[in-house]
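Trainee: If you're matching them up, the sequences are chains A and B in order.
Throughout the first sequence, residue numbering follows the working numbering, covering 1 to 519 in sequence.
Throughout the second sequence, residue numbering follows the working numbering, covering 1 to 519 in sequence.
Quick caveat, the hints were computed from the structure, so don't treat them as lab data.
Cβ coordinates follow ideal geometry from the N, Cα and C atoms, glycine included.
Heads up, a few of these hints could be off.
Unchecked claim - Cut-off 25 Å, straight-line C-alpha distance, at most; resulting in silico cross-link-like pairs (SDA-like, lysine to any residue):
| id | chain 1 | residue 1 | chain 2 | residue 2 |
| --- | --- | --- | --- | --- |
| 1 | B | K512 | A | K308 |
| 2 | A | K514 | B | V205 |
| 3 | B | K512 | A | E241 |
| 4 | B | K352 | A | I373 |
| 5 | A | K458 | A | H402 |
| 6 | B | K188 | A | R264 |
| 7 | A | K514 | B | G222 |
| 8 | B | K352 | A | G266 |
| 9 | B | K64 | B | E105 |
| 10 | A | K311 | B | V5 |
| 11 | B | K513 | A | R401 |
| 12 | A | K308 | B | R264 |
| 13 | A | K489 | B | G266 |
| 14 | B | K492 | A | R264 |
| 15 | A | K124 | A | N231 |
| 16 | B | K509 | A | N351 |
| 17 | A | K308 | B | K64 |
| 18 | A | K114 | A | E32 |
What the hints assert, rightly or not - Take a look, some chain A residues computed to stay more than 12 Å from chain B by CB distance:
| id | residue |
| --- | --- |
| 19 | P87 |
| 20 | P183 |
| 21 | N253 |
Below are the chains, spelled out letter by letter.
There are 2 protein chains.
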Amino acid sequence: MSLSVAPDGTEYPFPTPEEDKQEFEILKSLSEEERKKGRKIVVVQGMGFVGSVMAAVVADAEDKNGEPVYFVHGNDLVSRRSYWKIPVINSGKPPVNADDPEIPEIFPRCVNKKKTLRATWHPKVFTFADIVVVDIQLDAQKPELGQAEEGYCDLNAFKEGMRTIGRSIKPECLILIETTVPPGTSEKIVKPVIGEEFTKRGIDVEKFPPLIAHSYERVMPGSKYVSSIRNYWRTFSGINEKAAYLAEEFLTNVLDTEHFPICRLGHTNASEMAKVLENSYRATNIALMFEWAKLAENIGVNLFDVIKSIKVREGTHDNMLRPSLGVGGYCLTKDPVLANWAAEALFGLENKLPMAVSAVNINDLMPMHTIEIIEEACPSLQDKRIAILGVSYLQNVADTRHSPTKLLWEHLMEKDAIISVHDPLVEVWPELGYMRIEKDLSKTLFDAEIVVFAVGHKPYKALAPEDVVQMCGRKPLIVDCSNFLTDEKIMKYIELGCNVIGVGKGHIKQLKKKIKKAL
Amino acid sequence: MSLSVAPDGTEYPFPTPEEDKQEFEILKSLSEEERKKGRKIVVVQGMGFVGSVMAAVVADAEDKNGEPVYFVHGNDLVSRRSYWKIPVINSGKPPVNADDPEIPEIFPRCVNKKKTLRATWHPKVFTFADIVVVDIQLDAQKPELGQAEEGYCDLNAFKEGMRTIGRSIKPECLILIETTVPPGTSEKIVKPVIGEEFTKRGIDVEKFPPLIAHSYERVMPGSKYVSSIRNYWRTFSGINEKAAYLAEEFLTNVLDTEHFPICRLGHTNASEMAKVLENSYRATNIALMFEWAKLAENIGVNLFDVIKSIKVREGTHDNMLRPSLGVGGYCLTKDPVLANWAAEALFGLENKLPMAVSAVNINDLMPMHTIEIIEEACPSLQDKRIAILGVSYLQNVADTRHSPTKLLWEHLMEKDAIISVHDPLVEVWPELGYMRIEKDLSKTLFDAEIVVFAVGHKPYKALAPEDVVQMCGRKPLIVDCSNFLTDEKIMKYIELGCNVIGVGKGHIKQLKKKIKKAL
Numbered sequence: 001m002s003l004s005v006a007p008d009g010t011e012y013p014f015p016t017p018e019e020d021k022q023e024f025e026i027l028k029s030l031s032e033e034e035r036k037k038g039r040k041i042v043v044v045q046g047m048g049f050v051g052s053v054m055a056a057v058v059a060d061a062e063d064k065n066g067e068p069v070y071f072v073h074g075n076d077l078v079s080r081r082s083y084w085k086i087p088v089i090n091s092g093k094p095p096v097n098a099d100d101p102e103i104p105e106i107f108p109r110c111v112n113k114k115k116t117l118r119a120t121w122h123p124k125v126f127t128f129a130d131i132v133v134v135d136i137q138l139d140a141q142k143p144e145l146g147q148a149e150e151g152y153c154d155l156n157a158f159k160e161g162m163r164t165i166g167r168s169i170k171p172e173c174l175i176l177i178e179t180t181v182p183p184g185t186s187e188k189i190v191k192p193v194i195g196e197e198f199t200k201r202g203i204d205v206e207k208f209p210p211l212i213a214h215s216y217e218r219v220m221p222g223s224k225y226v227s228s229i230r231n232y233w234r235t236f237s238g239i240n241e242k243a244a245y246l247a248e249e250f251l252t253n254v255l256d257t258e259h260f261p262i263c264r265l266g267h268t269n270a271s272e273m274a275k276v277l278e279n280s281y282r283a284t285n286i287a288l289m290f291e292w293a294k295l296a297e298n299i300g301v302n303l304f305d306v307i308k309s310i311k312v313r314e315g316t317h318d319n320m321l322r323p324s325l326g327v328g329g330y331c332l333t334k335d336p337v338l339a340n341w342a343a344e345a346l347f348g349l350e351n352k353l354p355m356a357v358s359a360v361n362i363n364d365l366m367p368m369h370t371i372e373i374i375e376e377a378c379p380s381l382q383d384k385r386i387a388i389l390g391v392s393y394l395q396n397v398a399d400t401r402h403s404p405t406k407l408l409w410e411h412l413m414e415k416d417a418i419i420s421v422h423d424p425l426v427e428v429w430p431e432l433g434y435m436r437i438e439k440d441l442s443k444t445l446f447d448a449e450i451v452v453f454a455v456g457h458k459p460y461k462a463l464a465p466e467d468v469v470q471m472c473g474r475k476p477l478i479v480d481c482s483n484f485l486t487d488e489k490i491m492k493y494i495e496l497g498c499n500v501i502g503v504g505k506g507h508i509k510q511l512k513k514k515i516k517k518a519l
Numbered sequence: 001m002s003l004s005v006a007p008d009g010t011e012y013p014f015p016t017p018e019e020d021k022q023e024f025e026i027l028k029s030l031s032e033e034e035r036k037k038g039r040k041i042v043v044v045q046g047m048g049f050v051g052s053v054m055a056a057v058v059a060d061a062e063d064k065n066g067e068p069v070y071f072v073h074g075n076d077l078v079s080r081r082s083y084w085k086i087p088v089i090n091s092g093k094p095p096v097n098a099d100d101p102e103i104p105e106i107f108p109r110c111v112n113k114k115k116t117l118r119a120t121w122h123p124k125v126f127t128f129a130d131i132v133v134v135d136i137q138l139d140a141q142k143p144e145l146g147q148a149e150e151g152y153c154d155l156n157a158f159k160e161g162m163r164t165i166g167r168s169i170k171p172e173c174l175i176l177i178e179t180t181v182p183p184g185t186s187e188k189i190v191k192p193v194i195g196e197e198f199t200k201r202g203i204d205v206e207k208f209p210p211l212i213a214h215s216y217e218r219v220m221p222g223s224k225y226v227s228s229i230r231n232y233w234r235t236f237s238g239i240n241e242k243a244a245y246l247a248e249e250f251l252t253n254v255l256d257t258e259h260f261p262i263c264r265l266g267h268t269n270a271s272e273m274a275k276v277l278e279n280s281y282r283a284t285n286i287a288l289m290f291e292w293a294k295l296a297e298n299i300g301v302n303l304f305d306v307i308k309s310i311k312v313r314e315g316t317h318d319n320m321l322r323p324s325l326g327v328g329g330y331c332l333t334k335d336p337v338l339a340n341w342a343a344e345a346l347f348g349l350e351n352k353l354p355m356a357v358s359a360v361n362i363n364d365l366m367p368m369h370t371i372e373i374i375e376e377a378c379p380s381l382q383d384k385r386i387a388i389l390g391v392s393y394l395q396n397v398a399d400t401r402h403s404p405t406k407l408l409w410e411h412l413m414e415k416d417a418i419i420s421v422h423d424p425l426v427e428v429w430p431e432l433g434y435m436r437i438e439k440d441l442s443k444t445l446f447d448a449e450i451v452v453f454a455v456g457h458k459p460y461k462a463l464a465p466e467d468v469v470q471m472c473g474r475k476p477l478i479v480d481c482s483n484f485l486t487d488e489k490i491m492k493y494i495e496l497g498c499n500v501i502g503v504g505k506g507h508i509k510q511l512k513k514k515i516k517k518a519l
């Protein structure tokens, strides 16, 4: 257990007490040297999806003369899941996979060339920080899918992270929280924890009120991963004037705030709320479309055409979303739950967020509808060979967190179907015991009786019906989970003798009639 | 009872049987003459908010040579509520009030100058039509506010309107339905009714299938009333190819389809669904914001600032809406109900639209929240003098249909408050027994203890706090229902000794502290 395993299988033993000691000395002398160069010292806490790339973006920031503004220590825990990131980053390699060509460039540039980024496991690194950027994980728990109203947030690990910072930082160090937190967290959780640690250390909190700011990221893993941090709008707030001032200075140095202006809100509650509201808005609009998808299926309408026609009307309905297999990822599935939980747990309110939370429930259970329409077309799934195309939660991305395919897979397994799964981007599926994912489509499709287009990866959208049917070696039932097939392709499948069904695609019956008529 | 009263009080006696006969002869010779000029004959059924202006827009349409394309008969019923519109239109005056300067121009232009528009009560006018445009009213009924799931649509009057058309039209006449109808109406209601009438008249419906098309309007009464018909995008569909073709030809002749392309959908169910989905989207997004408004109020956040900051992020959240006193008007309060009702009544589905319908309930009852926050600040409303600013359902518009101020008024009345009501645009309030609305603000505000900014009319937004306080002659409680007051104004009111509260404006407490500190 005293080692950490990277996704490529490499094992990294945990540091020894001796290495611990050495590391502190390295951090000390490095920080002092860097400060002499006129650079401020930033510690990014959490080397995950957001933190590692944020650390690189900060380390990459330059002033008008092309000089680095900050030296960055990337920090993570000595744990089986996280520790490997430290040596990987320090070797100049990114700890994340992405389509974005900037990712494999920015890490070696900052680590080896500019020498402005170094990762460390040592918790005393905060001693040297002028600015701490918090990017540690904070999850919402749901007792079961469909019980989002009972969802809660366990803040213990997060509080412990804050305590680690409070134990070491200089009193005038800025703590900038980027983690998506329940509204109220900066003021009601972070501030008292830091204050307690300051008091224990004999720091007068009246004279040195903790400098806490909040600014949420809007990272999209994908082809514009780095850009989604650096070249994107930010909302921020400070727990006091000085914290807000320092946060603004930092964000202005690091991000392209000229083209993507930052926006200050008057209270940390407000910017914390903004983030979860953004995602609640999205989650709700997906859930809304799902009920209309079911109506569309029943009354012979192609919902996607309807949405497209509405959007011709510019401006007023551009944010309409669409139904699909389901909603995954790390934000939309939990952010409404964080806010709903905070209303009661942090503010003692009865008045909560029923719509946003019910949207999470609807979205979490959405994959069951795909099973329903499959069973309508094919009543017994026992021993049926089903090929599922797509494992990630989003098209053209390898991220499998909270992927709706998982629920589909689990429930089809319960029905004793024989399932094969393919994804062009996902190597292993961590949420399903690190299952290896097939990359040879013809193997996945071989002998399949049902083919589920679950995710809109580019190669799936490019697939010719003839090739699919040929790879299956039979005429499978084709299931389109979110308008991945054009009407032309659907008609081709039907002509080839396949049955086709789809979420929100009630017009397929009419296409069938059209073909019958033509024949 | 045999007369109709216009809003200005003028009385119009119903036509005599003799006038009826004469009218038919006029319609006949006029239609024949116009057809000789190469013009097609259009009958617009329903001279309400949409139909009357649509009739004018059609009558105003010109070909490349500047020649009118259509002659238009505007048709409405001989009823107390509607008949007055016929003589009013025929005198060259608009039957609607609006900010739009085009409105008082287009009616005299078409009626007197171009002579392409004439209104008639005669039900046999359809005999002469090449195209019938249906703009008659179709309401949803709710047993009570908050019971939208029990809402239903009484189609009898609408069916009777269709029957009137079917009794007279030529078999090759296009019926273009613009009324917002429950999805399924064109196919399941209009088609069989017209078919029955055709059969009664000995017309072979196999040879002459009824030509029914659907294209919904997106009229916004206000400063761009005419433009919202002519220069706006349209979705349409036909019950068969020929109907779709004729509808496209008509819409292209009448609307600016070059700059605002029209979009055809494959089925009348689809375009009927598009309209109610558009409005369900809006209704749902308002309802969502309302639950966040209540949270914002409780945790010290200005929701409107939060929304503004989120929208800095371009493209993804531009359609976020906002909470207010409530949602009124003719569309958002009923369209989700029409769709929900149709799912069961026209398609026999159990699977309905819970989110959209619950949004209607939330929105319908939203005014109760304003009363709640007033009562929190001022526990007993008995004999309290309350001034309500704004009666219409929308800012800068005189339309009072389903105005949320009505519910506010009724419930404050129940609490024995003494209420005065003002609106700069509304003359009388039809939904409250044609009550005359005060236009002198100082009279409304005199001695008021509570001032409710209910609607965002321009003059209200321009009001200086000093003037309001002076007109009241005391320091009233100020209630801001939807961000009509800037922070500067709120602070001014507080400095003047007023208390201020607002929907979604939890930050007012902080403003109060700020002022206390400054004093």
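Trainee: With reference to the structure, classify each hint as holding or not holding.
Mentor: The hints, checked one at a time:
1. B:K512 - A:K308: Violated, at roughly 47 Å.
2. A:K514 - B:V205: 22 Å, holds
3. B:K512 - A:E241: 18 Å, holds
4. B:K352 - A:I373: 17 Å, holds
5. A:K458 - A:H402: 21 Å, holds
6. B:K188 - A:R264: Since the Cα atoms of K188 (chain B) and R264 (chain A) sit roughly 54 Å apart, the hinted pair is violated (cutoff 25 Å).
7. A:K514 - B:G222: Violated, because 45 Å separates the two Cα atoms, which is more than 25 Å.
8. B:K352 - A:G266: 42 Å, violated
9. B:K64 - B:E105: It holds: about 22 Å lies between the C-alpha atoms, which stays within 25 Å.
10. A:K311 - B:V5: 41 Å, violated
11. B:K513 - A:R401: 44 Å, violated
12. A:K308 - B:R264: Between K308 (chain A) and R264 (chain B) the Cα gap is close to 11 Å, so the pair holds against 25 Å.
13. A:K489 - B:G266: Holds, at roughly 17 Å.
14. B:K492 - A:R264: The hint holds at about 23 Å.
15. A:K124 - A:N231: 32 Å, violated
16. B:K509 - A:N351: OK: K509 (chain B) and N351 (chain A) at ~19 Å, within 25 Å.
17. A:K308 - B:K64: Distance of about 31 Å is beyond 25 Å: violated.
18. A:K114 - A:E32: With a Cα-Cα distance of about 17 Å, the restraint between K114 (chain A) and E32 (chain A) holds, given a limit of 25 Å.
19. P87: Given a closest Cβ separation of 36 Å, the condition holds.
20. P183: 6 Å, violated
21. N253: Given a closest Cβ separation of 19 Å, the condition holds.
In this structure, the earlier hints numbered 1, 6, 7, 8, 10, 11, 15, 17 and 20 are contradicted, and the remaining ones agree with it.
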